[in-house]
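Following the hints, put chain B with the ligand in place on chain A, whose structure we already have.
One letter stands for each residue in the lines below.
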Amino acid sequence: MTDVDVIVVGGGPAGSCAAITAARAGLDVVLIERGPFPGSKNMYGGVVYPRILDGLIPNWWEEAPVQRWVTRRSTMLLTPTQALTVDFRSQAWGAPPYNGATAYRPDWDHWLAGHAEAAGAQLITSTVVTGLLRAPSGAVTGVRTDRPDGDLTAKVVIACDGVNSFLAKEAGLYEHTDAKHFTLGVKETLALPKEVIDERFAVRDNHGVDIEILGGTGGVNGGGFLYTNLETLAIGVVLKLTKLGAQKARPEEIIAGLKRHPAIAPLVQDGELKEYSAHVIPEAGLTMMPKMIADGLLVAGDAAALCLAAGIWLEGVNFAMASGMYAGEAAAEAVRAGDLTAVGLAGYQRRLSDTFVLKDHRRLKRAPELVLSDRVQHLYPQMIANVAERMFRVDNPDPKPGLRRILAQERKRAGVRRRDLARDGWIGFRSFG
Amino acid sequence: MSSPIIIACLKWVAHPGEPHDERFAGASPADRAALELALQQAKELGGTVTAVTVGPPATETVLRDAVAAGADRAVRVDGPAAMLSSDVAAGIAGVAEGAAWVWCGDYSLDRGTGSVPAFLAAALGAQQALGVIDVQFAAPGPAARVTRRLDGGRREVLDVTGPAVVSVEGAVADLRRAGLGALRVATSASIDVVPLRSPARRLKAVVQPYRPRAMALAAPDGSPLERLRLLTDAAAATAARGETVTLAPPDAAARIVAALRGWGYLDS
Ligand SMILES: Cc1cc2nc3c(=O)[nH]c(=O)nc-3n(C[C@H](O)[C@H](O)[C@H](O)COP(=O)(O)OP(=O)(O)OC[C@H]3O[C@@H](n4cnc5c(N)ncnc54)[C@H](O)[C@@H]3O)c2cc1C
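Residue numbers (my numbering), protein chains in the order written: chain A, 1 to 433; chain B, 434 to 701.
Just so you know, not all the hints are guaranteed correct.
[Said to hold, decoys possible] As a list, the in silico SDA-like pairs of lysine to any residue whose alpha-carbon atoms are at most 20 Å apart: (1) A:K169 x A:D146; (2) A:K274 x B:F457; (3) A:K412 x A:R350; (4) B:K476 x A:P148.
[Unchecked claim] One side only, chain B facing chain A, incomplete, derived with CB under 8 Å: (5) P452; (6) R456; (7) R578; (8) R610; (9) G612; (10) L613; (11) G614; (12) L616; (13) T620.
In case anyone wonders, no lab produced these hints; they're calculated from the structure. Think of the CB as a built atom: it goes at the ideal place given N, C-alpha and C, for glycine as much as any other residue.
Extracted from the complex, chain A is given alone in its bound form (with noise of 0.2 Å):
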């Protein structure tokens, strides 16, 4: 007889997602958040797609928590004194059903988790889950937490508790991680009055801008990010963690000159720092994903590394919410079967497999690595940013060159070798085409 028939640990979106389904499904259902309110510890750079609650909370953009709709997507490529922005704007974005939405972590969480309450499910908050509880079989049968008379048993244990999952690593489920499968988000947060940022980025109401960049980050491989919210910018870099370390870069300053970058001053000047915060994320998707079923035991979210993070892609939120719900779900599955082993728990996996969570992944999986190679991040933002220069300039009395030209030109002076185009490209294509 255990306490519960299910433990879900960590109030992030994976578990409060995970806590909904199961409780909805009739269980009894502890969430328990380290943080005094869930949501309250976590940090993300600030757009969530959440159509995936379509089904679980119909008409979730009436109460959901969002600053602003995003209704312009652009992706910009920085060196450092050009730019080159592709900008998409959709006013449908801007209405039911809507696309992304930016979003702060402690409303998104808080919402979400007042969502678990609702269902049933106990919320227990400041409270750490130190350890897992394990049968003789090694069956994972609930865990400690770091309160006094803190053990708690379940039939069930989703492990919701985000990038680097000690509950996963100490299951055995990773077989092997490596600094070179993380990079480290830092954001910083500024504020600005909402007529200010609306005239900046051309919006008005609540709509608002999502700019994901390339380039920008001081000569370390990774990328950027600029949001708007209501009435402040998000904007941050991610880093992949190797680089940063070998070239003894600070993260603060790297954003500090993409604040710099005559591109994204005009953007961000005179905003008032409200908060700076850092976060790992899992990047390498495939690569690195752990096992996420064991005997009495479910992985989701980043625990599982289930974040895409593909260079014009950061969606971690969405992927989590998506997991967790299908980890409730397969829990509720199998205790009603009466059978909590890997077997029994195995209706996870195949849900996971069959939805956007593993077939983006799996399309994708080759992405990270390309985009945050030294070529994608070096080379072909100079050699592209190049050839859209000569191709703007008016060099008269020169007569127009033909664009084939221009290429061959710039992809020479940058020292791009034609097999690793093709290659790259064709990865690219395999990718995202």
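Just chain B with the ligand, lined up with the frame of chain A:
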């Protein structure tokens, strides 16, 4: 004989850094220390702890935390979020009558006036020791030797016997960490809700400093310059009022009062 009741008063208040966000609200370190001392004293005396708060339903979170930490009973005196200290004290007094001891925090998170404990002691007719920085329980019976912080770095040591109202600073004790089982039970623990009692004697609040009434004076005569001098009290006018005297204190006080009366300041 029934077991002694120890009261712990807790105020749920918004965090000053996040005044509009209930997620950061809670009890002050001083209130938490008060609860810890209540729990320790109840154990010494074989008594029970009643945690009390005054406010709307949202304030029940501090009571649930208190129950999780070990309080035997939780009472919410139903009232608005902002109230006069005397009214808060009257509300608590309704619950605390007959209690062996009442523990309060010296200040709440919003740094209120800290006057609730004094009003409460008055309402209960109990001893009071406010701004306490050290507590040594003196068994047997409800008694303690407490040290108060006074102005200028001075200290006062008092032997307090119950019934008493004692307010403590946050550093006096760390609230124990609630056990997991207790925390789970506390989320559904029943909370007694009692109506607010109005204070027996409402003190008239002083809302502005005393100001004497304006005096009606006849317009001065003379040239414009002379009138100006007189009206602005310049030169001669002030000289006439200034006076340095050497007198014994009672005579000096009488002289000051006489001068003020002469100038019309004490006319009502
Ligand atoms: C800089 C940066 C920018 C990002 N930008 C975006 C973006 O714009 N859009 C996007 O979709 N994703 C973004 N991500 C990724 C996204 O933040 C994550 O993928 C997502 O938060 C994963 O959710 P999760 O619930 O799995 O884990 P988390 O959000 O990390 O939640 C884990 C929870 O578990 C709790 N916890 C951990 N350990 C314990 C323990 N032992 N006991 C109890 N509780 C515990 C934590 O307090 C936390 O609440 C970004 C990440 C970073 C770092």
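Checked hints:
no., hint, in the structure
1, A:K169 x A:D146, "19 Å, holds"
2, A:K274 x B:F457, "17 Å, holds"
3, A:K412 x A:R350, "48 Å, violated"
4, B:K476 x A:P148, "18 Å, holds"
5, P452, "16 Å, violated"
6, R456, "5 Å, holds"
7, R578, "30 Å, violated"
8, R610, "6 Å, holds"
9, G612, "4 Å, holds"
10, L613, "4 Å, holds"
11, G614, "5 Å, holds"
12, L616, "6 Å, holds"
13, T620, "6 Å, holds"
The structure is inconsistent with the numbered hints 3, 5, 7, although it conforms to all the rest.
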